[in-house]
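First residue of the sequence shown? That's 1 in the working numbering, and the numbers climb one at a time after it.
Some hints could be false.
In silico SDA-like cross-links for lysine to any residue, where the CA-CA straight-line distance does not exceed 25 Å [said to hold, decoys possible]:
| # | residue 1 | residue 2 |
| --- | --- | --- |
| 1 | LYS184 | VAL95 |
| 2 | LYS143 | GLU162 |
| 3 | LYS184 | ASP129 |
| 4 | LYS184 | GLY153 |
| 5 | LYS143 | VAL117 |
| 6 | LYS184 | VAL117 |
| 7 | LYS143 | GLU191 |
| 8 | LYS146 | ASP129 |
| 9 | LYS184 | PRO33 |
| 10 | LYS143 | ASP129 |
| 11 | LYS184 | ALA61 |
| 12 | LYS143 | MET175 |
| 13 | LYS184 | ARG80 |
| 14 | LYS184 | PRO112 |
| 15 | LYS184 | ASP120 |
| 16 | LYS143 | ALA174 |
| 17 | LYS184 | LEU21 |
| 18 | LYS143 | GLY153 |
| 19 | LYS184 | LEU164 |
| 20 | LYS143 | ALA126 |
| 21 | LYS143 | VAL95 |
| 22 | LYS143 | GLU189 |
| 23 | LYS146 | VAL95 |
| 24 | LYS184 | TYR41 |
| 25 | LYS184 | GLN155 |
| 26 | LYS143 | ASP120 |
Everything labelled a hint here was simulated from the structure, so no lab data went into it.
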Amino acid sequence: MPSRFTPQFADLPEVLPIFPLGGAIVLPGRQLPLNIFEPRYLNMVFDTLGGTRMVGMIQPAAEATRSGSDSVRRVGCAGRITRFAESDDGRLMIVLTGVCRFAIDAELESRPGYRRVTPDWSDYAADLDPDHDVSIDRQGLRKVLKQLADFRGLQLDWEQAEELPDPVYVDAFAMNLPLPDEEKQALLEAENV
């Protein structure tokens, strides 16, 4: 459910700082807690708090992990910093609430150590549509998720999960299951459930 602080599609930023982090995705409307400690990303958070408060979460490209390059995937999701707290040891704990997915149109010159892109939001306008209805085969999905959980030896609270609305149910599993980066990326890029 969008809040009064959620930007409208026309108000999405033309420049977006990105935070490449393997295995971590945020989806529209969902929250991702992050522990920020590297100086470049502390700079990024402080800079964005004075503006749109938006950060693009994006995964490193598959070849980047193997080769040590800094290339990133083409699609990520922008999140808005909705909470932050300082720690005594100089870290920031932030919560990003997903706003809208984006494709990288171009990468811009870096700011004090962090990367910025020109995002292309055009394929993901539905992410901001509060009336965008999602219906799923919940019984079928639960069966597959149970098989995956059993295979991986995961203990999940199925009763609590059943109380979630369909979009939250799907997104919670997509963001939190220990899936390979490629599978999380495929879920992020999926047109719909």
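(request) Compare the distance between the alpha carbons of LYS184 and PRO33 with 25 Å, and conclude whether the hinted pair is satisfied. (result) 17 Å, holds
(request) With a cut-off of 25 Å on the C-alpha distance, tell me whether LYS143 and GLY153 pass. (result) Judged against 25 Å, a Cα distance of about 15 Å means the pair holds.
(message) What's the verdict on LYS146 and VAL95, does the C-alpha distance respect the 25 Å limit or exceed it?
(response) Roughly 28 Å separates the two Cα atoms, so the pair is violated.
(request) Sort out whether LEU21 lies within 25 Å of LYS184, counting only the CA atoms. (result) Between LYS184 and LEU21 the Cα gap is close to 12 Å, so the pair holds against 25 Å.
(request) Take a quick look at whether LYS184 and ASP120 sit within 25 Å of each other, Cα to Cα. (result) 20 Å, holds
(message) What's the verdict on LYS184 and ASP129, does the C-alpha distance respect the 25 Å limit or exceed it?
(response) With a Cα-Cα distance of about 23 Å, the restraint between LYS184 and ASP129 holds, given a limit of 25 Å.
(message) Between the alpha carbons of LYS143 and GLU189, is the straight-line distance 25 Å or under?
(response) Given pair LYS143, GLU189 holds - Cα atoms ~23 Å apart, limit 25 Å.
(message) Check whether the Cα positions of LYS143 and GLU162 lie no farther apart than 25 Å.
(response) 12 Å, holds
(message) Holds or violated: LYS184 and VAL117, Cα atoms, limit 25 Å.
(response) Holds, because 21 Å separates the two Cα atoms, which is no more than 25 Å.
(message) Does ARG80 sit within 25 Å of LYS184, going by the straight-line distance between their CA atoms?
(response) Holds, at about 20 Å.
(request) Decide if the proposed pair is consistent with the structure: LYS143 and GLU191, CA atoms, cutoff 25 Å inclusive. (result) 22 Å, holds
(request) Take the C-alpha atoms of LYS184 and PRO112, compute the straight-line distance between them, and say whether it is at most 25 Å. (result) 29 Å, violated
The structure fails hints 5, 8, 10, 14, 20, 21, 23 and 26 (numbered hints given earlier, in ascending order).
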